[in-house]
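Turn these sequences into a full structure, and let the hints steer you where they fit.
Chains as they are written, first to last, in the numbering used here: chain C, 1 to 236; chain R, 1 to 612; chain E, 1 to 111.
It is worth saying that the hints were derived from the structure and are not from the lab. Keep in mind it's a predicted model, so treat the numbers as computed, not measured. Some hints could be false.
[Said to hold, decoys possible] No farther apart than 27 Å at their CA atoms in a straight line, the calculated lysine-lysine pairs in the BS3-like style are these:
#1 C/Lys113 with E/Lys14
#2 C/Lys20 with R/Lys611
#3 C/Lys16 with R/Lys611
#4 E/Lys14 with C/Lys115
#5 E/Lys14 with C/Lys142
[What the hints assert, rightly or not] A short list of chain C residues far from chain E (calculated; beta carbon distances all over 10 Å):
#6 Glu10
#7 Asp21
#8 Ser63
#9 Asp67
#10 Phe80
#11 Gly101
#12 Ala124
#13 Ile144
#14 His145
#15 Thr168
#16 His174
#17 Ala191
We treat Cβ as the ideally placed atom computed from N, Cα and C, and that holds for glycine.
So you can see what is in the structure, the chains are spelled out below.
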Amino acid sequence: MSDIKIEGYEFKPGFKGMAKDTGSDQTMFKGVHWGKAMMWIFLLSDTFIFSCFLISYMKGRGSTIIDWPNPSEVFGLHVFGVDVPLLLIAIMTFVLITSSGTMALAVKYGYEKNKKMCGWLILATAIGGLTFVGMQAFEWGKLIHEGVRPWENPFGAPQFGSFFFMITGFHGTHVSIGVIFLFIYAYKTFAGHYDEGKRGWFTTMKGDYVEIEILGLYWHFVDLVWVFIFAFFYLW
Amino acid sequence: MSEDFSDNKTIQAQSSETISGGGSGITPDMDYVRPAEVGEQDLYHGHSFITKWIFCQDAKVIGVQYFLLATFTGIIGLILSWLMRLQLGFPGLAPFMTAEHYYQFVTMHGMIMVVYFLTALFLGGFGNYLIPLMVGARDMVFPYLNMVSFWSFFVAVAVLLASFFVPGGPTGSGWTLYPPQAILEGTPGSGWGIMLMCISLILFVAGFTMGGLNYLITVLQARTRGMTLMRMPLTVWGIFTATVLAMLAFPALLVGALMMSLDNVLGTSFFMPTILKAGEVLEYGGGSPILFQHLFWFFGHPEVYIVALPAFGIISDLISVHARKNIFGYRMMVWAIVGIGALSFFVWAHHMYVSGMNPWFGFFFATTTLIIAVPTAMKVYNWILTLWRGNIRLNTVMLWCLGFIVTFVNGGITGIFLGNVSVDVPLSDTYFVIAHFHMVMGIAPLMVIMGAVYHWFPLVAGRFLDEKLGKWHFWLTFLGAYSIYFPMHYLGFIGVPRRYFEMYDSPYVASAVGMNEFISLAAFIVGAAQFILIYNIIKTLKTGKPAGHNPWQACSLEWLTPTVPPEHGNWGDRLPTVHRWAYDYSVPGAKEDFITQTTPPSEVAHTKVEKT
Amino acid sequence: MDKTKKQEQTSTHKIGIYLWIWGLLFVLSFFSYMVDWYQFQGMLRWSLILFFMFLKAGLIMAFFMHLYWERYALVNVLLWPMTAIACFIFLMVAEFEYTVFTRFFYFVVGG
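This is the structure in structure tokens:
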């Protein structure tokens, strides 16, 4: 963040700063923790994975000559006698953004070494994620009940089912992995592993609150991907 | 900050720009280097045999593990190529070679050599061993992840080789695995084989991502004091850029492999169009086979440079050390590597000129393809200019370097042929293409690997490899490889198609028969010649001449460790401090013909060394 | 790794900014939902969807993922590779148009 200080190194802003950081010795991303840099690069790679999925979806949808089903109707819910388009998806988006917000606050309280707030917020994020996965399972169940399968689709092009299950499944897998880690990190926060610098179970690295920011990056990325899936899959 | 560097705290910087002093004359602060930003790395030291040699977290051991496993798969690939040549040169001589087997061997040979041999060897093997040593780090930044990376690769190889033993055998769809035929009945290994191939690739990508993150963050965030990006040896630049490409290109392969697995197992139709088979319409329909080709080559073309860029980097270092001259145009070389890397994402469809894609694409991709020849040619000129009036040591390493340049230029020029749509269309799917890519990304990188093995073996094992055996190895490989691939250009021109199991009695290729026999014989000899290296290594480990410290009188950091071979943690008590680039050879006025990267400016103040 | 010269992260960002962004994300999601609710079609739908999408993505990246406060070295490393993706998207649009053209031409018109 903005207020780092490094002995013998004067920071410059903007592109001049970029040139200087890049040309300097030791590190290119000044003051950025190794793990955080790694997570960023990993997310860049993961972005390419999701981009390839969405590009494939675009190509598949664009080149089929059978009509694509109208997502607004397919994903609509019949509530209290009214047909509401995309209701479940709207709630899912709401839940995921909520959990993203709690995560952002958890990171903030982590850096302030506020163990309690941080832990509860991570737990809230995890529960939000779990809710999201639950609703996604419900949505899958509903579509399967209606006869949509990865290989066929009563509403139109069979690729609709294929791409829907694959892309939301891949995103759901990311959410589920995130939820597992959120629960682990909530435990570690409450147990004070980040205050004491307790070593990790596998990696034998010392714990630090920066790990919460790293997990936070991953969680926001999952939210980010959902923004794109929401726009391209449900609204298009 | 660590106590190790506390003695530097007393020296004050005159300006924040100062990384290392420069200018003429000795001034008090000319040796100043900024203090360390990051504290000492917290390393896990294994004590048992298992934590030291098997599930080891030391990048050097992991590098050797990668090297050995990649070589093992490479030998399998070599044996497969022998079997293919046996069939092509002497059809019918080996009765067990059916057409199915031939296609399976073609597929596995290609996939093994490109992904499991060259990529794993350059990035996993050389990358792990050399990056921490060359940038002055104690280890990779995430040693545990690094270990998991190797074992994922191990499992990936195991799954790949397991496909030889499943019902139907390995997939026979060519290394490009094009659907629809890859998963349709009638193609060998269309059930289990292709499935295991996809699983193995996914595992490889997952494992490689873990390793790749390590290489990138080590280079970007864990360099030693004074080591700027523009002071890194070109080896590191090559491996670094190749890793960037891999991190961005492998996702496309992962997605392609995943979607094809779904097509195969669940019966989705991502890549499967409506297919008529023996008059019946199959269940598939509406998919786009060309999408797979785009995904595959969006990975596949950067993959070519994932193999080539580390080779470019390594060869630059070897030439510079053994010609006792600084590399010509270092910055140009760096920018050429970066430029080739960036451009490689915009050229992929030149592999698909005859695939039936949008015809306008040929225009775009031929242009970008020919643009990429510019930085590549610059590199070749710079290698030659590095040799020009150098104090060349004509040892085995240098021979491999020269062999590389010749082979690479040869393969590169045929590449310019194939980059043009109108020339490519008639040459597509002939032996000309085979000759081109084997020259440029088979033999040329292999020469670099061999040169690198002869160069760095004294560091890894502390002993020189035998020169006499090495020269035999080189000349047999070099002349033999030319005997194999040079005639193939001619075969391509007369129109012999690739991937044909047998030519039978095709009168128009009568002249190909004798040539195929000749090529096959040469292939057997070249393959066998590689075992000279294995013999050489085994012999040298026992009886080789001890190398001692910095045997090639090189400048770069990997030779300057307190112990040879380096121990876990690489640098003993304190990390090295870097004051210059890795190429100060034959500096006028210097006592010796090399100034190591750690030599402070005050020691060489009266020489004509340039500030780098 | 543990002892990264940790600048004491005393001045984390004020809570207000996170709440603001949070609120904005809800509002923008609501708007993009409204695009569907009112059944806008054609280019209007497209541009609105993309506009809200990029705005939301930008807010998440800039503030929740702290990219706004990161140095340009990191930001540029993360954003430039997207040109490859942009090129891929652009070409695949051309490709699916050609595919659907050939399919109509051979299967519907010509068949």
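Results for each hint:
| no. | hint | result |
| --- | --- | --- |
| 1 | C/Lys113 with E/Lys14 | holds (15 Å) |
| 2 | C/Lys20 with R/Lys611 | holds (17 Å) |
| 3 | C/Lys16 with R/Lys611 | holds (22 Å) |
| 4 | E/Lys14 with C/Lys115 | holds (18 Å) |
| 5 | E/Lys14 with C/Lys142 | violated (42 Å) |
| 6 | Glu10 | holds (13 Å) |
| 7 | Asp21 | violated (4 Å) |
| 8 | Ser63 | violated (4 Å) |
| 9 | Asp67 | holds (12 Å) |
| 10 | Phe80 | holds (17 Å) |
| 11 | Gly101 | violated (4 Å) |
| 12 | Ala124 | holds (13 Å) |
| 13 | Ile144 | holds (23 Å) |
| 14 | His145 | holds (23 Å) |
| 15 | Thr168 | holds (17 Å) |
| 16 | His174 | holds (15 Å) |
| 17 | Ala191 | holds (18 Å) |
Of the numbered hints given earlier, the model fails hints 5, 7, 8 and 11; all others are met.
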